[in-house]
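Q: Full structure from sequences and hints, please.
Take a look at the letters that make up each chain.
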Amino acid sequence: MGETLVYNPRAVFDERAQAESFEGLAMPLFDSVFNFARWLTQNREEAEDLVQETYVKALRGFGSFQPGTNFRAWIFRILRNTFLTSRTGLKATMTVPLEEEQEATLPGPPDTPETLLLASADQEMVREALEGLPVIFREVLLLGDVEEMSYQEIAEAVGIPMGTVMSRLARARRALREAVQKKQQKG
Amino acid sequence: MACETWRAKIAAYIDGELPAEEMRAFAAHLPSCPACAAESLGTVQWKRATQSAGKRYAPSAEFRRRIEERIGARKKPAASWSWLPALALAAALLVVVLLGVNRWRENGRAQVFAELTDLHTATLASATPVDVISTDRHTVKPWFEGKIPFTFNVPELAGTPFTLVGGRIAYLGQSSGAELLFQFRLHRISVFIFQDRPELTGRLPAAESLSKQKSFTVDTWSEGGLRYFVIGDIGAGDLGQLSALLRAAR
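Respectively, the protein sequence lines represent chains A and B.
Just so you know, we're using numbering that gives the first Met the number 0 here: the first sequence kicks off at 0 and counts up by one.
Just so you know, we're using numbering that gives the first Met the number 0 here: the second sequence kicks off at 0 and counts up by one.
To be clear, the hints were calculated from the coordinates, so they are not data collected in a lab.
C-beta atoms are modelled at their ideal positions from N, C-alpha and C, and glycine is treated no differently.
One or more hints might be untrue.
Output of the computed footprint for chain A on chain B, the stretches with three or more beta carbons under 8 Å from beta carbons of chain A [as the list claims (entries may be wrong)]: (1) 114-124; (2) 149-163.
Residues from chain B that keep clear of chain A, each with C-beta distances beyond 12 Å, as calculated [said to hold, decoys possible]: (3) I9; (4) L29; (5) V96; (6) L98; (7) Q110; (8) G145; (9) I168; (10) G172; (11) Q173; (12) D195; (13) E222; (14) G234.
A: Right, dumping it as structure tokens:
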């Protein structure tokens, strides 16, 4: 069956409209996406490469994006998957111990009154501690606490069930506190 | 519900992830339970601290442009008669837009100034107005290194009526910049420095301009790709003196 190619101005228009609607959804997230990429890669140039690859991939795959679903979770997921298959990403995940999340640990009572601890922890310490956390913890803190994503969005972005989001977030928060505490005791 | 059960839900409560019913029940439980209240407060504070430590990196204006070019509606279709009605419509719209643009410029400018005035006021009202406390410009400048996507010069203030109080990171239109706090007699003056992005400052005059906003004097100019704002409750003459020092800073 032969298909005839007909010049169709409408199709050109659709393509442009699609690019515009992609731009309208993607560019407002640009700063957040870059910040996330920079935290994952720990390097400006690599972050720029990662963001660029993410945007190009997302534009290419925009046809498969379901309008009305969460675009932010979608593009963060693309970024994260791209990062994990990159050299830096592979290296970062190799150094992470395998997860023992089935036990779904919940935060126990804190051994230091938290408010007291934080008062003396300056932002620099929190930043350093966050930098030192394993990627799987760093990313949920960035998505949950920094981007203030809902558990549902985090689940979509990271590709894990909601229950795992809660337990991983709890473990990540505890790990961050412990890391800051350790820094305080040292200096 | 027992307190232990509630404590397991503190994180979900702070994250706003409990069902509405439980959110209400938890809020009712809090005032009567110091342990849960203290831990909730701690959780909120940690979340805030993580957020302010984590919102740290901003893309450069150049990189943003590169991506916009890359993903923008790239293929310009060849001119075709089918576009004629659209062109006519566009011409008509252009007239309307041009009429509106002046008003919008004024609004945009007032909006940026109002936002900066709010930032300045918030700084003055804060218990910790600056994150790096130092009168030494050689301490303050390096503090910003790596925290904002540009560098700038802090003026030498010896022999002037101004003293440096310190600095902090400021945010405007989702981009990070520097806020320097200066003291002039009993007044405090904020100097904001941001990258000169068109979407942020395109509506502002390129040259120096002094104006009054809600009894604050505001001075702004653009230089070397950076946009400066000086805001304080002092006269235009005194404020202009600080602007001159900043412009001369090497």
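Q: Now tell me if each hint is right for this structure.
A: Hint check:
no.	hint	verdict
1	114-124	violated (count 0)
2	149-163	violated (count 0)
3	I9	8 Å, violated
4	L29	15 Å, holds
5	V96	18 Å, holds
6	L98	25 Å, holds
7	Q110	17 Å, holds
8	G145	10 Å, violated
9	I168	9 Å, violated
10	G172	10 Å, violated
11	Q173	5 Å, violated
12	D195	16 Å, holds
13	E222	24 Å, holds
14	G234	35 Å, holds
Hints 1, 2, 3, 8, 9, 10 and 11 from the earlier list are contradicted by this structure; the remaining hints agree with it.
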